[in-house]
Amino acid sequence: MISGRLPRLLGASAPLTALAALAWPMPAGADRQGTAVAQLTVEQSLIVRVPRRTPAKPLKWKAKKGPKCVEMNAIAGAAVVADDAIDLVLRGGQRLRARFSSNCPALDYYSGFYILPTDDGRICAGRDMIRTRAGGQCEIERFRKLVLDD
0 MISGRLPRLL
10 GASAPLTALA
20 ALAWPMPAGA
30 DRQGTAVAQL
40 TVEQSLIVRV
50 PRRTPAKPLK
60 WKAKKGPKCV
70 EMNAIAGAAV
80 VADDAIDLVL
90 RGGQRLRARF
100 SSNCPALDYY
110 SGFYILPTDD
120 GRICAGRDMI
130 RTRAGGQCEI
140 ERFRKLVLDD
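With numbering that gives the first Met the number 0 as the guide, the letters of the sequence shown map in order to residues 0 to 149.
A couple of the hints might just be wrong.
[What the hints assert, rightly or not] Okay, derived cross-link-like pairs now, DMTMM-like style, lysine to aspartate or glutamate, Cα gap no bigger than 20 Å in a straight line:
| id | residue 1 | residue 2 |
| --- | --- | --- |
| 1 | K144 | D127 |
| 2 | K67 | D149 |
| 3 | K59 | E42 |
| 4 | K61 | D119 |
| 5 | K61 | D86 |
| 6 | K63 | E42 |
| 7 | K144 | D86 |
| 8 | K67 | D86 |
| 9 | K59 | E138 |
| 10 | K64 | D83 |
| 11 | K64 | D127 |
| 12 | K64 | E138 |
| 13 | K56 | D148 |
| 14 | K59 | D83 |
| 15 | K61 | D83 |
| 16 | K67 | D127 |
| 17 | K61 | D82 |
| 18 | K61 | D127 |
| 19 | K64 | D148 |
| 20 | K67 | D83 |
| 21 | K61 | E140 |
| 22 | K64 | E42 |
| 23 | K67 | E140 |
| 24 | K63 | D83 |
| 25 | K56 | D149 |
| 26 | K59 | D127 |
| 27 | K144 | E42 |
| 28 | K63 | E140 |
| 29 | K67 | E138 |
Honestly, the hints are just simulated from the structure, not real lab data.
Kindly produce the complete structure, drawing on both the sequences and the hints.
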């Protein structure tokens, strides 16, 4: 009466119970003639479909007068956009472009830069500079606020 206990033990459905009963070990001395052996393999897969995106039209930005200084803790990200500028993304979504007093070609070489912390916790145009990963320094001439051009 092993098969009678399987549904309660396994919580299995009827077809699964029948297969499990065939694979369940027989008690010592039980008649094995005519007993079929079965193997049950349960596999699970997960398919995630990601729709293809059509290429988006590039955003166009218009530069307006920007602040003299920016709080360092307000910066959420940055991107190198040219030899003489980087774009800063601030918390809240605002964008600023930091223009350098001259070209800073070493920015693209290692694609990164550093800004050393200041005593007042701000980055100011005409005072501070960024340092490239290659060892160069680029002085920030001014900040320009970027707004979407309609």
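These are the hints, each one checked on the structure:
1. For the proposed pair K144 and D127, the alpha carbon gap of about 18 Å is at most 20 Å, so the pair holds.
2. For a cut-off of 20 Å, the pair hint linking K67 to D149 is broken: about 26 Å separates their Cα positions.
3. At most 20 Å may separate the alpha-carbon atoms for a hinted pair to count; K59 and E42 exceed this at roughly 50 Å.
4. Using a Cα cut-off of 20 Å, the hinted pair K61 and D119 is violated, with the two alpha carbons roughly 30 Å apart.
5. For a cut-off of 20 Å, the pair hint linking K61 to D86 stands: about 13 Å separates their Cα positions.
6. A C-alpha spacing of about 59 Å is found between K63 and E42, which places the hinted pair above 20 Å, so the restraint is violated.
7. For the suggested pair K144 and D86, the alpha carbons sit about 10 Å apart, so the restraint of at most 20 Å is met.
8. Simply put, K67 and D86 have alpha-carbon atoms about 15 Å apart, close enough for the 20 Å limit, and the pair holds.
9. Of the supplied pair hints, the one linking K59 and E138 is violated, its CA atoms being roughly 26 Å apart against a limit of 20 Å.
10. Pair hint K64 plus D83 holds up; C-alpha atoms about 17 Å apart against a cutoff of 20 Å.
11. In summary, the hint linking K64 to D127 is supported, as the alpha carbons are separated by about 19 Å, within the 20 Å threshold.
12. A hinted pair counts as satisfied when its Cα atoms are at most 20 Å apart, and K64 with E138 qualifies at roughly 18 Å.
13. A distance of roughly 13 Å separates the Cα atoms of K56 and D148; the hinted pair therefore holds under the 20 Å criterion.
14. A hinted pair counts as satisfied when its Cα atoms are at most 20 Å apart, and K59 with D83 qualifies at roughly 18 Å.
15. Proximity of K61 to D83 is assessed by CA-CA distance (about 17 Å); at most 20 Å being required, the pair is judged to hold.
16. With a C-alpha separation of about 11 Å, the suggested pair K67 and D127 falls inside the 20 Å cut-off, and the hint holds.
17. Proposed proximity of K61 and D82 is supported: the alpha carbons are some 19 Å apart, at most 20 Å.
18. Restraint check for K61 and D127: the C-alpha separation of about 24 Å exceeds 20 Å, so the hint is violated.
19. Taking the CA atoms of K64 and D148, the gap is about 15 Å. The hint holds against a cut of 20 Å.
20. With a CA separation close to 18 Å, the supplied pair K67 and D83 stays within the 20 Å bound.
21. This hinted pair checks out: K61 and E140 have alpha carbons roughly 18 Å apart, not beyond 20 Å.
22. With a CA separation close to 61 Å, the supplied pair K64 and E42 exceeds the 20 Å bound.
23. Under the criterion of a C-alpha separation no larger than 20 Å, the hint pairing K67 with E140 is consistent with the structure, at around 10 Å.
24. Taking the CA atoms of K63 and D83, the gap is about 17 Å. The hint holds against a cut of 20 Å.
25. For a cut-off of 20 Å, the pair hint linking K56 to D149 stands: about 12 Å separates their Cα positions.
26. Proposed proximity of K59 and D127 is contradicted: the alpha carbons are some 28 Å apart, above 20 Å.
27. Taking the CA atoms of K144 and E42, the gap is near 55 Å; set against the 20 Å cutoff, the hint is violated.
28. Only pairs whose Cα atoms come within 20 Å are accepted, and K63 paired with E140 is accepted, the gap being roughly 15 Å.
29. Our distance criterion of 20 Å between C-alpha atoms is met by K67 and E138, whose separation comes to about 14 Å.
The structure is inconsistent with the numbered hints 2, 3, 4, 6, 9, 18, 22, 26, 27, although it conforms to all the rest.
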